[in-house]
Every structure is written in structure tokens, then in C-alpha cells.
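Undergrad: Sequence:
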Amino acid sequence: MKTNIEELRKKYIDNPPEGMTSKDIRRMSEEQLLDMDYFLNEDDLDDDFGEEGFYLF
Numbered sequence: 316m317k318t319n320i321e322e323l324r325k326k327y328i329d330n331p332p333e334g335m336t337s338k339d340i341r342r343m344s345e346e347q348l349l350d351m352d353y354f355l356n357e358d359d360l361d362d363d364f365g366e367e368g369f370y371l372f
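Counting in our numbering, the sequence shown runs from 316 upward without gaps.
One or more hints might be untrue.
[As the list claims (entries may be wrong)] When the alpha-carbon atoms are kept at most 27 Å apart in a straight line, the in silico DSSO-like pairs for lysine-lysine are as follows:
{"no.": "1", "residue 1": "325", "residue 2": "338"}
{"no.": "2", "residue 1": "338", "residue 2": "326"}
{"no.": "3", "residue 1": "317", "residue 2": "338"}
Note that these hints are calculated values from the structure, not bench results.
Sequences and hints are given; from them, build the entire structure.
TA: Here it is in C-alpha cells:
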């Protein structure tokens, strides 16, 4: 898991999200980095449930 964290950190250091710097990414804890990655990629994880008209009201 450590190598995955370091790969993720390198990804964001090389191309930091808008409003952040490489220095910000270096200072992040593993948990903060994982949380940021989750929220930045949240739409990619969506399984499109409800796209076909199945909704609960």
C-alpha cells in the first residue's frame, strides 16, 4: 500500500490540483492524500445508478 501512496503523491506533485502547490501535496498525510484523491475522482467511481429512470421518491 505504501508504494501506491507514493505513486499517488508523485502524480499530484507533478500535476497539483487547482489551488494547491507541490509543496502542499508533500506536506499532506497519507489520509489527506487519499481523501483528496477520492473527492477529485468521485464522479469516476459513480456507477450511473438511476440513469435509466429508476428513482425512489
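Undergrad: State for each hint whether it applies.
TA: The hints, checked one at a time:
1. 325 with 338: Holds - the C-alpha atoms of residue 338 and residue 325 are around 12 Å apart, at most 27 Å.
2. 338 with 326: It holds: about 13 Å lies between the C-alpha atoms, which stays within 27 Å.
3. 317 with 338: The hint holds at about 20 Å.
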